[in-house]
Amino acid sequence: DVKVTQSSRYLVKRTGEKVFLECVQDMDHENMFWYRQDPGLGLRLIYFSYDVKMKEKGDIPEGYSVSREKKERFSLILESASTNQTSMYLCASTSQWQPQHFGDGTRLSIL
Amino acid sequence: KQEVTQIPAALSVPEGENLVLNCSFTDSAIYNLQWFRQDPGKGLTSLLLIQSSQREQTSGRLNASLDKSSGRSTLYIAASQPGDSATYLCAVRSIGANSKLTFGKGITLSVRP
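As they're listed, the protein sequences go chains L and X. With positions in the first sequence counted from 1, the corresponding number in the numbering used here is that position plus 690. By the numbering used here, the letter at position 38 of the second sequence is numbered 18, and the numbering carries on one by one without gaps.
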């Protein structure tokens, strides 16, 4: 069974802090994704990576960056956290033609 | 630009009913369509994946159909149970979109005992 693990279920940070969200998958998937989910707005894609060191902006990349130094790990970075980045963050991975598999999510609060 | 719509946003049914959840999409040029389940505060769990060449997929009490030409998919849940209460999302992978998915906003299902 595919396992996508997000490092934290809940996280509280302060405005202006640099925040790292980590995601690890164990199925050698080449594609990994970061989404945020907000009530009424649904899932929105932040960034996408199709290979090590390769990344592509999603629909809402502003205020975020990503890092993929190893195939199994995809990190989302909030360079200077702001209150409007309070949200549920979801990581997913997939291989060609396969279903996307999601982690349990990180509920991030920025105070 | 692909758009995915799920109506209604919420549904409440008594236990034991067979029910159909609808999903529509605007661009029929898709590789596949995926149905997910999300429990409150959790991530998404993949239920069924239908490739564009397929008409339906079945898993237990769940059956998903795809009519690509009309831009519609349905998720049929047989003999619903309170444990089926969750939000159900559909997502399409469009041709030319790499592996990215376009999601609907989901249908929140409540099955009453």
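Quick caveat, the hints were computed from the structure, so don't treat them as lab data. Being a predicted model, the structure only gives us computed values, none of them experimental. A portion of the hints provided could be inaccurate.
Unchecked claim - Footprint (simulated), chain X over chain L, 3 or more residues, beta carbon under 8 Å:
| # | segment |
| --- | --- |
| 1 | 702 to 714 |
| 2 | 787 to 794 |
To be verified - With a straight-line Cα cutoff of 20 Å, these simulated DMTMM-like cross-link-like pairs (lysine to aspartate or glutamate) come out:
| # | chain 1 | residue 1 | chain 2 | residue 2 |
| --- | --- | --- | --- | --- |
| 3 | L | Lys745 | L | Asp728 |
| 4 | L | Lys708 | L | Asp741 |
| 5 | X | Lys80 | L | Asp741 |
| 6 | X | Lys85 | X | Asp7 |
| 7 | L | Lys703 | L | Glu746 |
| 8 | L | Lys703 | L | Asp718 |
| 9 | X | Lys(-19) | L | Asp716 |
| 10 | L | Lys693 | L | Asp716 |
| 11 | X | Lys85 | L | Asp741 |
| 12 | L | Lys703 | L | Asp716 |
| 13 | X | Lys48 | L | Glu752 |
| 14 | L | Lys747 | L | Asp716 |
| 15 | L | Lys693 | L | Glu762 |
| 16 | X | Lys22 | L | Asp691 |
| 17 | L | Lys747 | X | Glu(-17) |
| 18 | X | Lys22 | L | Asp794 |
| 19 | L | Lys760 | L | Glu712 |
| 20 | X | Lys22 | L | Glu769 |
| 21 | X | Lys(-19) | X | Asp19 |
| 22 | L | Lys743 | L | Asp716 |
| 23 | X | Lys80 | L | Glu707 |
| 24 | X | Lys22 | L | Asp718 |
| 25 | L | Lys743 | L | Asp728 |
| 26 | X | Lys80 | L | Glu746 |
| 27 | L | Lys693 | X | Glu(-17) |
| 28 | X | Lys22 | L | Glu746 |
| 29 | X | Lys80 | L | Glu720 |
| 30 | X | Lys(-19) | L | Asp749 |
| 31 | X | Lys80 | L | Glu769 |
| 32 | X | Lys80 | L | Glu752 |
| 33 | X | Lys85 | X | Glu(-17) |
| 34 | L | Lys760 | L | Glu720 |
| 35 | X | Lys85 | L | Asp794 |
| 36 | X | Lys85 | L | Glu712 |
For glycine and all other residues, C-beta sits at the position ideal for the given N, C-alpha and C.
Each hint tested on the structure:
Figure legend: the segment 702 to 714 of chain L, annotated as covered by chain X; annotation inconsistent (0 residues with Cβ-Cβ distances under 8 Å, at least 3 required). Given as covered by chain X, the segment 787 to 794 of chain L passes the check, having 8 residues with a CB less than 8 Å from a CB of that chain where 3 are the minimum. A C-alpha spacing of about 23 Å is found between L/Lys745 and L/Asp728, which places the hinted pair above 20 Å, so the restraint is violated. The straight-line distance between the Cα atoms of L/Lys708 and L/Asp741 is roughly 25 Å, outside the 20 Å bound, and the hint therefore fails.
For the given pair, X/Lys80 sits about 14 Å from L/Asp741 by alpha-carbon distance, which is consistent with the 20 Å threshold. Our distance criterion of 20 Å between C-alpha atoms is met by X/Lys85 and X/Asp7, whose separation comes to about 17 Å. For the hint linking L/Lys703 to L/Glu746, the alpha-carbon distance of about 26 Å lies beyond 20 Å, and the restraint is violated. For the hint linking L/Lys703 to L/Asp718, the alpha-carbon distance of about 31 Å lies beyond 20 Å, and the restraint is violated.
Proposed proximity of X/Lys(-19) and L/Asp716 is contradicted: the alpha carbons are some 33 Å apart, above 20 Å. Our distance criterion of 20 Å between C-alpha atoms is met by L/Lys693 and L/Asp716, whose separation comes to about 6 Å. Between the alpha carbons of X/Lys85 and L/Asp741 the distance comes to roughly 28 Å, so the proposed pair goes past 20 Å and is violated. Proximity of L/Lys703 to L/Asp716 is assessed by CA-CA distance (about 28 Å); at most 20 Å being required, the pair is judged violated.
Restraint check for X/Lys48 and L/Glu752: the C-alpha separation of about 34 Å exceeds 20 Å, so the hint is violated. As the CA atoms of L/Lys747 and L/Asp716 are separated by approximately 24 Å, the hinted pair breaks the 20 Å bound. Of the supplied pair hints, the one linking L/Lys693 and L/Glu762 holds, its CA atoms being roughly 11 Å apart against a limit of 20 Å. For the hint pairing X/Lys22 with L/Asp691, the CA-to-CA distance comes to about 18 Å; that is within 20 Å, so the pair holds.
Only pairs whose Cα atoms come within 20 Å are accepted, and L/Lys747 paired with X/Glu(-17) is accepted, the gap being roughly 19 Å. Note on X/Lys22 and L/Asp794: the hinted pairing holds, with a Cα-Cα distance of about 5 Å set against a maximum of 20 Å. Distance hint between L/Lys760 and L/Glu712 is fulfilled; the C-alpha atoms sit about 12 Å from each other, no more than 20 Å. For a cut-off of 20 Å, the pair hint linking X/Lys22 to L/Glu769 is broken: about 25 Å separates their Cα positions.
Only pairs whose Cα atoms come within 20 Å are accepted, and X/Lys(-19) paired with X/Asp19 is rejected, the gap being roughly 29 Å. In summary, the hint linking L/Lys743 to L/Asp716 is supported, as the alpha carbons are separated by about 18 Å, within the 20 Å threshold. The hinted pair formed by X/Lys80 and L/Glu707 fails the criterion: a straight-line CA distance of about 30 Å is larger than 20 Å. For the hint linking X/Lys22 to L/Asp718, the alpha-carbon distance of about 23 Å lies beyond 20 Å, and the restraint is violated.
Between L/Lys743 and L/Asp728 the alpha-carbon distance is near 28 Å, which puts this suggested pair outside the 20 Å criterion. Among the hinted pairs, X/Lys80 with L/Glu746 is consistent with the structure: their alpha-carbon atoms are about 11 Å apart, no more than 20 Å. The hinted pair formed by L/Lys693 and X/Glu(-17) fails the criterion: a straight-line CA distance of about 29 Å is larger than 20 Å. A threshold of 20 Å between alpha carbons decides the hint, and for X/Lys22 with L/Glu746 the separation of about 26 Å lies outside it, so the pair is violated.
Only pairs whose Cα atoms come within 20 Å are accepted, and X/Lys80 paired with L/Glu720 is accepted, the gap being roughly 13 Å. The suggested pairing of X/Lys(-19) with L/Asp749 holds, with an alpha-carbon distance near 12 Å, which does not exceed 20 Å. About 24 Å separates the Cα atoms of X/Lys80 and L/Glu769, which puts this hinted pair outside 20 Å; it is violated. Taken as a hint, the X/Lys80 and L/Glu752 pair is honoured in the structure, with Cα atoms around 18 Å apart against an allowance of 20 Å.
The hinted pair formed by X/Lys85 and X/Glu(-17) meets the criterion: a straight-line CA distance of about 10 Å does not exceed 20 Å. Of the pairs offered as hints, the one joining L/Lys760 and L/Glu720 holds, with about 10 Å between alpha carbons and a cut-off of 20 Å not exceeded. With a C-alpha separation of about 18 Å, the suggested pairing of X/Lys85 with L/Asp794 holds against the 20 Å cut-off. Of the pairs offered as hints, the one joining X/Lys85 and L/Glu712 is violated, with about 25 Å between alpha carbons and a cut-off of 20 Å exceeded.
In summary, the numbered hints that this structure violates are 1, 3, 4, 7, 8, 9, 11, 12, 13, 14, 20, 21, 23, 24, 25, 27, 28, 31 and 36.
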